[in-house]
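Q: As a plain string of letters, each chain reads:
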Amino acid sequence: MKTDRGYRFLTRRSADYPELLAAIHDPPKRLYLRGDGSPRLLSCPAVTIVGTRSCSPYGAQVARRLGRELAAAGAVVVSGLARGIDAEAHRGALEGEGATVAVLGCGIDRDYPRAHSALAQRIAASGLLVSEYEPGTEPAPWRFPARNRIIAGLAKVTIIVEARARSGALITADFALEEGREVFAVPGEITSALSRGTNELLRLGAAPLVEPEDVIDALGLEKVAASRGARLSEQAGRVRELLADRSASVDELVERSGLAADAVAVALVELELAGEAVCAEGVYRAQGYW
Amino acid sequence: MLEALRQPLEDGVVSVARANGRATFPARFQLVATMNLCPCGGRGDAAGCSCSAARLAHFREKLSRALLDRFDLVVAMPRPRAVELDGSGEETSALVRERVQAARARLEAKPLRISSEARALLTEAVEKLPLSGRGRARVTRVARTIAALAGAEEIAREHLAEALSYRIPPELTGT
Numbered sequence: 001m002k003t004d005r006g007y008r009f010l011t012r013r014s015a016d017y018p019e020l021l022a023a024i025h026d027p028p029k030r031l032y033l034r035g036d037g038s039p040r041l042l043s044c045p046a047v048t049i050v051g052t053r054s055c056s057p058y059g060a061q062v063a064r065r066l067g068r069e070l071a072a073a074g075a076v077v078v079s080g081l082a083r084g085i086d087a088e089a090h091r092g093a094l095e096g097e098g099a100t101v102a103v104l105g106c107g108i109d110r111d112y113p114r115a116h117s118a119l120a121q122r123i124a125a126s127g128l129l130v131s132e133y134e135p136g137t138e139p140a141p142w143r144f145p146a147r148n149r150i151i152a153g154l155a156k157v158t159i160i161v162e163a164r165a166r167s168g169a170l171i172t173a174d175f176a177l178e179e180g181r182e183v184f185a186v187p188g189e190i191t192s193a194l195s196r197g198t199n200e201l202l203r204l205g206a207a208p209l210v211e212p213e214d215v216i217d218a219l220g221l222e223k224v225a226a227s228r229g230a231r232l233s234e235q236a237g238r239v240r241e242l243l244a245d246r247s248a249s250v251d252e253l254v255e256r257s258g259l260a261a262d263a264v265a266v267a268l269v270e271l272e273l274a275g276e277a278v279c280a281e282g283v284y285r286a287q288g289y290w
Numbered sequence: 001m002l003e004a005l006r007q008p009l010e011d012g013v014v015s016v017a018r019a020n021g022r023a024t025f026p027a028r029f030q031l032v033a034t035m036n037l038c039p040c041g042g043r044g045d046a047a048g049c050s051c052s053a054a055r056l057a058h059f060r061e062k063l064s065r066a067l068l069d070r071f072d073l074v075v076a077m078p079r080p081r082a083v084e085l086d087g088s089g090e091e092t093s094a095l096v097r098e099r100v101q102a103a104r105a106r107l108e109a110k111p112l113r114i115s116s117e118a119r120a121l122l123t124e125a126v127e128k129l130p131l132s133g134r135g136r137a138r139v140t141r142v143a144r145t146i147a148a149l150a151g152a153e154e155i156a157r158e159h160l161a162e163a164l165s166y167r168i169p170p171e172l173t174g175t
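Heads up: the sequence lines are chains A and F, in that order.
In case it helps, the working numbering puts the first sequence at residues 1 to 290.
In case it helps, the working numbering puts the second sequence at residues 1 to 175.
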């Protein structure tokens, strides 16, 4: 159905209203849709990936890779378009050339946060932006917890990547648990405030997410054959070994590898292009081993 | 203020227009700038950072992509370790000056060509990394300088790879 101004929406009676969402305690009466994705996307095997907005480079890396690999395996990646973990999950899904759905706490015509309007457009090109609020509704903090029940409700599996002690992502996890959905938490360092919430979830019995395959199995999807194993030069292999031990800056890698600075730079670019390493804030991390 | 630097950076002149006329001043300069990773300065430190996501985003958005796009070299500087602070400079400025002058002379004598391996790497990088058209041109230019400093006959793969490592990091452009 469409509103007067041409916005599509689903009602509880629509054939395309997702079954999983209909099963939650208080499903939204209407679901407004924006984007070129089919409403059927909302009924495909989906995974929710959420977490803190002020994430660490570690959290960003994990969210991006999960988004990419799970989307590539055919899961619809659901998140909330927020900064940090949410945005990385959406970006990963787009990189994996899969579908992604952003659930907003405002009208679907309001890109919030504004800095993510370009990302919202990319999502809309192949996926969907959805909201239970009328188009034109402004973002308001009190709407976000309510929005989280839809984020959790659309997916069979919810993953919390990084969350502080009282993070909004934990509300999403609570909704998922209440509805009997599977909840995974990404283990973090016990000394990091950004892992307090996720580690607490683990203590309470959430499944630890150690590799994307854990979720692919839970969703009943087939793992896509890894395109890894690109032949690396000897030097790149050596640098990768060092990064697998622990992440490091270029200077540390020069010191630890005994290679010249330019040789390390060449190796790092090779690893980045092969998807074996990522760099954030001057620190390189191995990707192949996670 | 920062955005006002864009024109002089590109054109090497500053134009000032007033009601009673217009003046153009020479403005060829080298721009060197530093910034913290976040407003509190703690990001990347063991002690950690207390900035909210919105504050961090606001801080980074102060630098427009158009301005960032005009920096040829971006180097991340993780906190130096004690041993690095102790170390004395390995090279004197006079020595570096000699090398730079030699590289300049080399570039003036004959332009360095880009090798086919380097070109292939550049193509792969443009495909896989977020690299704008301006970014591509800049990487090539930086690679040429690196090759000249190394006294090479052409721009080799390693020169281009090193140039790529100085590109603008994605966390500053929000991609």
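A hint or two may mislead.
[Stated by the list, open to error] The following label-pair restraints were derived from C-beta to C-beta distances:
| # | chain 1 | residue 1 | chain 2 | residue 2 | range |
| --- | --- | --- | --- | --- | --- |
| 1 | F | T173 | A | G237 | 51 to 59 angstroms |
| 2 | F | A33 | A | E241 | 34 to 42 angstroms |
| 3 | F | A47 | A | E179 | 52 to 60 angstroms |
| 4 | A | D251 | F | A33 | 45 to 53 angstroms |
| 5 | A | K2 | F | Q30 | 54 to 62 angstroms |
| 6 | A | K29 | F | V75 | 49 to 57 angstroms |
[Unchecked claim] A few chain F residues facing chain A, derived, Cβ under 7 angstroms:
| # | residue |
| --- | --- |
| 7 | A57 |
| 8 | P78 |
| 9 | E158 |
Calculated directly from the structure, the hints in this document are not laboratory data.
For each residue, glycine too, the CB sits at the ideal point set by N, CA and C.
Q: Hint by hint, say whether it matches the structure.
A: Structure-based check of all given hints:
no., hint, result
1, T173(F) with G237(A): 51 to 59 angstroms, "violated, 30 angstroms"
2, A33(F) with E241(A): 34 to 42 angstroms, "holds, 36 angstroms"
3, A47(F) with E179(A): 52 to 60 angstroms, "violated, 39 angstroms"
4, D251(A) with A33(F): 45 to 53 angstroms, "violated, 21 angstroms"
5, K2(A) with Q30(F): 54 to 62 angstroms, "holds, 58 angstroms"
6, K29(A) with V75(F): 49 to 57 angstroms, "holds, 54 angstroms"
7, A57, "holds, 6 angstroms"
8, P78, "holds, 4 angstroms"
9, E158, "holds, 5 angstroms"
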